[in-house]
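Let's have the full structure, built from the sequences with the hints guiding it.
This is what each chain is made of:
There are 2 protein chains.
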Amino acid sequence: MVTLAEVAQHAGVSASTVSYVLSGKRSISATTRQRVEQSIRDLGYHPNAGARALASNRSNIIALMIPLRTDMYVPVMMEIAIAVATTARMHGYDVLLLTGEEGPDAVRRVTGSGLADAMILMDVELEDERLPLLRGTDQPSVLIGLPADTTGLTCVDLDWSATGALCVEHLAGLGHRDIAVIGEAPAVYERHTGFAERTLDGLRSRARETGLRVLHRPCEGGYDAMAVTLARILDERPGTTGFVVQNESAVEPLLALLRQQGRAVPEDVSVVAICPDQVAVQASVRLTSVAIPAQEMGRHAVQHLVAKLDGRGSDEVVLIAPELTVRASSGPAPAAS
Amino acid sequence: MVTLAEVAQHAGVSASTVSYVLSGKRSISATTRQRVEQSIRDLGYHPNAGARALASNRSNIIALMIPLRTDMYVPVMMEIAIAVATTARMHGYDVLLLTGEEGPDAVRRVTGSGLADAMILMDVELEDERLPLLRGTDQPSVLIGLPADTTGLTCVDLDWSATGALCVEHLAGLGHRDIAVIGEAPAVYERHTGFAERTLDGLRSRARETGLRVLHRPCEGGYDAMAVTLARILDERPGTTGFVVQNESAVEPLLALLRQQGRAVPEDVSVVAICPDQVAVQASVRLTSVAIPAQEMGRHAVQHLVAKLDGRGSDEVVLIAPELTVRASSGPAPAAS
DNA sequence: AATTGCTGTCGAAGCGCTTCGACAGCCTAT
DNA sequence: ATAGGCTGTCGAAGCGCTTCGACAGCAATT
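Taken in order, these protein sequences are the chains called A and B. So in UniProt numbering the end of the first sequence lands on 337, straight run, no missing numbers. So in UniProt numbering the end of the second sequence lands on 337, straight run, no missing numbers.
If you're looking for bench data, these hints aren't it; they were derived computationally from the structure. Do not take every clue at face value.
Said to hold, decoys possible - Residues from chain B that face chain A, not an exhaustive set, calculated with beta carbons under 8 Å: (1) His-46; (2) Asn-48; (3) Ala-53; (4) Ser-59; (5) Met-77; (6) Met-78; (7) Ala-81; (8) Ile-82; (9) Arg-89; (10) Asp-94; (11) Glu-101; (12) Arg-109; (13) Gly-114; (14) Leu-115; (15) Gly-221; (16) Gln-282.
The beta-carbon is built from N, C-alpha and C at its ideal position, and this holds for glycine as well.
What follows is the structure in structure tokens.
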């Protein structure tokens with residue numbers, strides 16, 4: 001293993017000079033710099049991460065806590081994780097992958113050991129038990145998701161409430177009066193995941209303003225669960241002509257079932273999905289949808305974190321404005337019969 | 001930040017004693033041990049990762065390289081990543097997430113800097129350019145996936161060739177004579193990803209043995225692409241009664257299209273999928289499928305790596321035997337008309 | 001000519017841990 | 001009684017890096 005000292009010797013300078021060439025924290029003459037850089041290349045030198053971390057008290061690692069459970073939004077999680085990893089690399093950071101499994105202990109461990117310089121938390125619940133720890137440490141962090149109380153925290157998220165409102169507006173504008181919301185699995189609501197509840201709030205309050213009737217039903221993914229849920233909805237509100245779906249794995253089953261029952265999309269019923277664009281485009285009917293900007297959230301989170309680590313940036317809540325793309329699954333409400 | 005020295009002082013012993021309590025590398029009397037452990041708890045001590053890495057030349061980190069592209073198997077990747085992370089934690093390791101983006105450079109960087117003690121590579125191509133580097137270093141590694149030449153490497157993978165064979169056998173046993181294979185996107189084959197080609201090999205050679213005719217068509221995911229692909233297949237081989245699908249995002253479109261054309265599953269055509277069980281169960285027809293054992297692969301990979309790091313274990317190729325579960329999408333071939 | 005202020009480089013200290021050799025104290029076998 | 005072997009603990013060295021203060025050399029200012 002090549003060390004700083006060996007590079008220094010090879011280049012005929014002192015170790016500290018090599019260090020300053022690497023960090024740029026003091027000015028170095030052009031000739032010396034070049035000599036050192038050449039030696040680094042010749043010897044194939046890579047700074048030792050542990051030594052660097054010990055001496056500088058910086059690991060150049062960002063910890064990313066992803067949920068262990070895979071009951072929702074797997075592709076979104078993955079996309080965020082990848083965006084975080086690539087963005088972090090662009091800023092010279094590596095990413096440590098933590099699963100939610102350890103819970104608050106993971107926060108303690110990472111903070112205490114100096115393993116990572118900062119953390120990104122995903123899948124934040126409204127009253128998340130990791131938050132007190134985060135507030136009690138000076139380690140920078142960013143949440144992807146919005147807890148109930150955001151004081152002293154930095155959060156990045158899609159504006160779910162506005163997302164819900166946007167879906168309602170779109171359907172209201174098309175003349176629909178009775179709409180059903182196919183939600184995430186019941187467990188997601190039970191554990192008070194912010195995004196699901198906020199979406200619902202947004203939907204409901206805009207529905208109240210526009211005079212729409214809303215029926216909300218959580219739904220496990222899959223065909224069978226969707227069949228049961230749909231039957232119940234149509235039983236309770238036969239006049240339903242609009243659907244908002246916030247559950248990737250219910251989208252295709254819903255479309256299949258509607259088709260099977262002879263309800264044409266978008267002639268008889270309209271469907272608006274809240275899902276990544278890719279899903280909306282690949283569905284059997286090109287879906288009118290509000291995109292979940294996974295990449296953007298990941299990128300934002302890292303950028304905020306890096307700003308904090310550089311001493312810039314402060315606590316703040318960034319809500320990304322939702323965008324609704326009209327495709328082939330929504331249209332005017334059928335004339336009342 | 002609490003240090004070893006502070007714990008030592010608090011417990012009234014020397015620093016080295018605390019270290020030995022932590023590592024267990026020398027015997028310590030019960031009373032001393034307890035006193036030290038109590039001090040650790042009292043002070044909330046966590047060993048500093050950088051210092052430990054520097055002194056012991058071990059970071060207790062495993063690097064996981066996941067593919068950047070998301071054109072295939074996202075849930076599988078995610079499941080593997082999570083399995084890797086949880087299993088690694090059980091053995092006292094953390095996981096560093098690297099995206100394929102950096103390519104071979106990432107291997108050099110991690111190896112050179114001592115950031116990680118070992119690596120797991122996913123999405124291995126048949127002639128992967130990272131392999132020479134891996135062979136040229138003494139850093140342990142495990143591949144998830146099988147390159148063309150495995151000498152000097154440890155690999156874990158589903159036995160894709162046997163998987164292909166198994167699908168053919170199942171359909172052959174049901175009397176099907178003409179089968180079509182809906183494959184991954186063309187790009188997957190173009191970059192010579194092992195699993196796709198091996199599956200095809202397994203399919204074809206068993207088809208030869210059992211006298212089946214096989215038509216293979218790569219297919220982008222989604223409804224539109226599937227529609228085109230299916231039309232071509234039925235045009236070329238109208239007598240096709242069996243389908244093998246190795247592309248998650250083509251499964252549901254295929255089922256929808258068959259339904260739409262009045263071909264009943266499994267009465268008229270049989271469908272066998274190669275996908276995670278969850279997908280098979282959630283589809284609109286419960287699918288006969290060969291499961292992709294994502295968790296098992298991740299777990300295996302970590303276990304091998306840990307064995308190597310402990311000085312046990314050696315290079316070896318582990319192929320997981322495929323298992324076909326019969327569900328509702330396959331049945332006897334219709335009588336020839 | 002003397003002072004001041006840069007710029008570029010160096011030496012040394014120290015980050016918090018692991019680990020090696022030393023050794024005190026005790027028990028067992030001669 | 002003595003040598004030898006354990007067991008449990010300690011001190012010190014050192015891992016490879018960053019960073020602080022020092023300072024030599026030179027240019028610009030008085």
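Hints versus structure:
1. The beta carbon of His-46(B) comes within 3 Å of a beta carbon in chain A, closer than 8 Å, and the hint placing it at the interface holds.
2. A distance limit of 8 Å between C-beta atoms decides the matter here; for Asn-48(B) the minimum to chain A is near 5 Å, and the interface restraint holds.
3. At a threshold of 8 Å, the smallest CB-CB gap from Ala-53(B) to chain A is about 3 Å, leaving the interface hint in force.
4. Residue-level restraint check for Ser-59(B) holds (minimum Cβ-Cβ distance to chain A is 6 Å; threshold 8 Å).
5. Here the hint on Met-77(B) is kept, as its CB sits about 7 Å from the closest CB of chain A, short of 8 Å.
6. The beta carbon of Met-78(B) comes within 5 Å of a beta carbon in chain A, closer than 8 Å, and the hint placing it at the interface holds.
7. Against a cut-off of 8 Å between C-beta atoms, the interface hint on Ala-81(B) holds, since the closest Cβ of chain A lies about 7 Å away.
8. Interface hint status for Ile-82(B): upheld, as the beta-carbon distance to the closest one in chain A is roughly 6 Å, under 8 Å.
9. A cut of 8 Å between beta carbons decides the hint on Arg-89(B): the least distance to chain A is about 7 Å, and the hint holds.
10. With a cut of 8 Å, the hint placing Asp-94(B) at the interface with chain A holds, because the nearest CB-to-CB distance is about 6 Å.
11. Using the Cβ-Cβ criterion of 8 Å, the hint placing Glu-101(B) at the interface with chain A is satisfied: the shortest such distance is roughly 6 Å.
12. The beta carbon of Arg-109(B) comes within 6 Å of a beta carbon in chain A, closer than 8 Å, and the hint placing it at the interface holds.
13. At a threshold of 8 Å, the smallest CB-CB gap from Gly-114(B) to chain A is about 5 Å, leaving the interface hint in force.
14. The beta carbon of Leu-115(B) comes within 4 Å of a beta carbon in chain A, closer than 8 Å, and the hint placing it at the interface holds.
15. Here the hint on Gly-221(B) is kept, as its CB sits about 6 Å from the closest CB of chain A, short of 8 Å.
16. Using the Cβ-Cβ criterion of 8 Å, the hint placing Gln-282(B) at the interface with chain A is satisfied: the shortest such distance is roughly 3 Å.
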